[in-house]
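Chemist: Sequence:
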Amino acid sequence: MIKNLIGKLPRKPSKSAENREFGGSSAPALNASSIGSRSGDVGNRPINSNSVPLSGLDSDSNLGYGHGSKLPQLVNSSLNSVTTSYEAFPAFRDVPNSEKHNLFVKKLNLCCVLFDFTDPTKNLREKDIKRQTLLELVDYVTSANGKFTEIIVQEVVKVVTVNLFRSFSPQPRENKVLEGFDVEEEEPLMDPAWSHLQIVYELFLRFVASPETDAKVAKKYIDQSFVLKLLDLFDSEDPREREYLKTILHRVYGKFMVHRPFIRKAINNIFFRFIFETEKHNGIAEFLEVLGSIINGFALPLKEEHKLFLVQALIPLHKPRCLQMYHQQLSYCISQFVEKDCKLADTVIRGLLKYWPITNSSKEVMFLSELEETLEATQPAEFQTCMVPLFRQISRCLSSSHLQVAERALYLWNNDHIEDLIRQNRKVILPIIFPALEKNGRNHWNQVARRLTLNIRKIYSDIDPELFEECLLKFQEDEAKEEEVKAKHVATWKHLEEIAASNAVSSEAVVGRLDPTQTSPS
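For the sequence shown, the working numbering gives the first residue as 1, with consecutive numbering after it.
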């Protein structure tokens with residue numbers, strides 16, 4: 001009787017019972033000493049490289065995460081109940097192969113709990129457990145030797161969604177980008193959650209790159225909605241996060257062929273919003289870097305869709321004031337198009353002329369550099385279709401009082417291919433640029449610019465003295481006409497001044513005669 005009564009009394013739950021609640025066993029929990037440092041202490045520390053080798057995680061990438069993100073404290077509504085029972089599952093090496101699949105799913109579910117990293121003293125044990133679990137998951141995905149089941153795919157996507165997809169706080173440095181300040185020199189804002197976010201990114205990267213991930217199964221969960229949320233993360237201020245996103249997006253584009261047109265269209269829409277509405281986005285350079293690799297793989301002949309992308313999205317990217325933040329990547333993308341189809345050179349050059357800066361000298365220097373790269377891949381037929389408006393603009397650059405602009409334009413003649421194109425079409429080009437060369441050689445304030453100008457002038461006087469003399473006579477005639485016009489203007493103004501003066505004297509005489517105070521003699 002007494003035994004029956006005792007058996008009905010409630011018992012205190014044991015550690016093993018708590019583990020079984022999460023689907024685990026009675027294995028001891030991993031503590032902070034097994035990791036080497038507590039995940040709450042963010043700083044310049046390695047990501048437990050002794051536990052699992054993470055290729056691509058260098059010392060720079062282990063710094064704090066630099067974006068002011070808004071992270072929920074916990075996915076579960078009952079924070080206290082979760083943290084009190086948050087225990088580590090046994091390691092994969094401690095369970096038989098038949099149980100590793102279920103253990104992997106349980107560990108993924110354990111990593112769906114988010115913690116508040118704004119308080120470095122809060123939930124230290126739980127943060128260490130989650131961090132060690134994430135590292136074990138990375139190791140498991142890397143060494144997997146069987147196809148991932150649909151349940152695993154679903155749970156991995158769930159972990160990524162819960163941990164990574166978040167909104168970003170307003171960026172106080174937007175105006176500095178627009179005003180031309182070097183934002184890259186400023187220290188990024190540190191987000192202590194990066195110690196976990198980085199490992200989640202590594203997990204997803206290795207999962208997508210793994211040959212054990214079946215694209216036909218994974219596309220049900222890595223769908224268009226997921227891709228859009230992934231693209232939204234490119235607006236992160238932290239370059240380390242954008243570096244991971246760039247690599248992951250490239251892998252997703254390569255693995256999921258069904259998503260390729262959608263990804264290109266989504267990036268296109270982001271570009272449109274950036275160019276014509278906001279001019280504010282942190283990930284344009286990374287998008288262009290991915291696109292450079294994609295464009296490099298385009299089959300020939302180029303599809304009309306790809307040519308429209310060049311005309312409608314890439315060329316207009318020269319319009320924003322913060323071009324210097326992504327110009328190198330943009331120039332590479334455009335050069336890929338010209339190398340694949342030389343007929344597009346005319347389109348690109350005319351696009352550059354359309355968006356050519358008027359008052360921004362540093363941007364003008366970038367345009368001249370890109371123009372040289374484009375002309376290097378331009379064939380004579382395409383060059384002839386655009387050379388007249390092109391060298392009208394180059395002539396204006398030669399005459400620029402800004403030394404870097406004038407010097408960069410003069411250096412075009414150092415390129416053998418460009419000089420050969422100009423030489424073949426000198427009868428058209430030399431009359432356009434000759435006035436700028438002549439005025440530079442005489443009046444430019446900088447000695448280097450004058451010397452470079454005289455060198456170019458000498459080239460044409462040597463290879464075609466007749467054309468040179470003809471251009472010189474034409475310049476002298478135009479100069480004489482200008483002087484004559486100026487003299488006429490001076491004479492006209494002088495004549496007008498004389499007329500105005502005589503009219504003033506006459507008016508005084510008339511007023512004197514009409515003055516009633518003066519009486520005529522009787």
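There could be a bad hint or two in this list.
Pairwise CB distance ranges, derived in the manner of DEER restraints [claimed, not checked]: (1) 424 - 228: 46 to 52 Å; (2) 474 - 424: 28 to 34 Å; (3) 243 - 373: 22 to 28 Å; (4) 265 - 467: 47 to 53 Å; (5) 359 - 216: 36 to 42 Å; (6) 403 - 212: 35 to 41 Å; (7) 276 - 328: 20 to 26 Å; (8) 93 - 373: 28 to 34 Å; (9) 212 - 415: 47 to 53 Å; (10) 151 - 307: 28 to 34 Å.
Result set (DSBU-like, lysine-lysine): computed pairs, CA atoms no more than 30 Å apart in a straight line [claimed, not checked]: (11) 427 - 458; (12) 216 - 280; (13) 219 - 246; (14) 122 - 147; (15) 280 - 147; (16) 219 - 122; (17) 458 - 474; (18) 474 - 439; (19) 474 - 343; (20) 439 - 458.
Hint data in this document are derived by calculation from the structure and do not stem from the laboratory. Positions of the beta carbon are idealized from the N, C-alpha and C atoms, including for glycine.
Chemist: Go through the numbered hints given earlier and state which of them the structure violates, listing their numbers in rising order.
Modeler: Of the numbered hints, 2, 5, 6, 8, 10, 12, 14, 15, 16, 19 do not hold.
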